[in-house]
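S.K.: Residue numbers (the numbering used here), protein chains in the order written: chain L, 1 to 115; chain D, 1001 to 1115.
Source of the hints: derived by calculation from the structure; they are not laboratory data.
Check the hints yourself; a few may be wrong.
[Said to hold, decoys possible] Covered, in the sense of this in silico footprint (three residues per stretch, anywhere, with C-beta under 8 Å from a C-beta of chain L), are these stretches of chain D: (1) 1038-1049; (2) 1103-1109.
[Stated by the list, open to error] If you only want the chain L side, here are some residues facing chain D, beta carbon under 10 Å, derived: (3) V13; (4) R28; (5) Y36; (6) E45; (7) S93; (8) I104; (9) F105; (10) G108.
For every residue, glycine included, the Cβ atom is placed at its ideal position computed from N, Cα and C.
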Amino acid sequence: QKEVEQNSGPLSVPEGAIASLNCTYSDRGSQSFFWYRQYSGKSPELIMSIYSNGDKEDGRFTAQLNKASQYVSLLIRDSQPSDSATYLCAVGSMNYGGSQGNLIFGKGTKLSVKP
Amino acid sequence: EPEVTQTPSHQVTQMGQEVILRCVPISNHLYFYWYRQILGQKVEFLVSFYNNEISEKSEIFDDQFSVERPDGSNFTLKIRSTKLEDSAMYFCASSAWADSNQPQHFGDGTRLSIL
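So that you can see chain L by itself, here it is in the shape it has in the complex (with noise of 0.2 Å):
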């Protein structure tokens, strides 16, 4: 069975600070991983995708990966109060045909942003 975990939160940080979120996988053999944003009642909302080992910066987002570790984790620097919002980390996985699978869901993280 693939998982995902995450820490449920909350998770509350002051304005302007950085908030981290982590993220493991079950999965050895994902290639694929996002970072989306849910706000209370809305749909998923793509954040940031990672595919390689190391670090991504999108703006104010930083994506890292460690592969070897299986861990996945979004930074938010500078945080706002309207990044309060619960961030999902999902898994692509790959189907057997070798092309785009569904994707795996954490919990996700309630992040509270204090102004």
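Take the given structure of chain L and dock chain D to it, following the hints.
M.R.: Only chain D this time, still in chain L's reference frame:
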């Protein structure tokens, strides 16, 4: 920016009735998905669809579920005889290519309430 659209936004149905949820994927996308999210729980994969056939399905996607692409734009999920436990948010997603590195983009979802 192109987006996945879903209708209706909220569907209320009596237990045992059939329901059809509709999705219009992003126009040049080739892979289509349905996910569901029971209130307070993680996003769960139901089914993926490519080249007019099911590519992969989860254990949740049993005989009461079916998917169809009736024309060049719509992608539907039918639940034949709804149960109380089918109450959830149902999300449609699409991705551009048959490539595990392509991110999936989600629609706003349909909230299905079974009475």
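S.K.: Under 8 Å between beta-carbons, do enough residues of the stretch 1103-1109 of chain D, three at least, approach chain L for the coverage claim to hold?
M.R.: Since 7 is at least three, the answer is holds.
S.K.: Take the shortest C-beta to C-beta distance between L:R28 and chain D; is it under 10 Å?
M.R.: violated, 15 Å
S.K.: Let's test the interface hint: is any C-beta of chain D closer than 10 Å to that of L:V13?
M.R.: violated, 23 Å
S.K.: Next item in the hint list is L:Y36. Is there a CB on chain D closer than 10 Å to its CB?
M.R.: holds, 8 Å
S.K.: Does L:I104 pass the interface hint, meaning its C-beta sits closer than 10 Å to a C-beta of chain D?
M.R.: holds, 7 Å
S.K.: Mind checking the CB of L:E45 against every CB in chain D and telling me if the closest is under 10 Å?
M.R.: OK, holds: L:E45 within 10 Å of chain D, min 7 Å.
S.K.: Close enough to count: is the Cβ of L:G108 nearer than 10 Å to one in chain D?
M.R.: holds, 7 Å
S.K.: Using C-beta distances, would you say chain L covers the stretch 1038-1049 of chain D, given that this needs three or more residues below 8 Å?
M.R.: Coverage by chain L holds here, the residue count being 6 at a Cβ distance below 8 Å.
S.K.: For the restraint on L:S93, tell me whether the closest CB of chain D is nearer than 10 Å.
M.R.: holds, 8 Å
S.K.: Holds or violated: L:F105 as interface residue toward chain D, Cβ cutoff 10 Å?
M.R.: Result: holds, 4 Å to nearest chain D Cβ.
Violated hints, in rising order: 3 and 4; the structure is consistent with all others.
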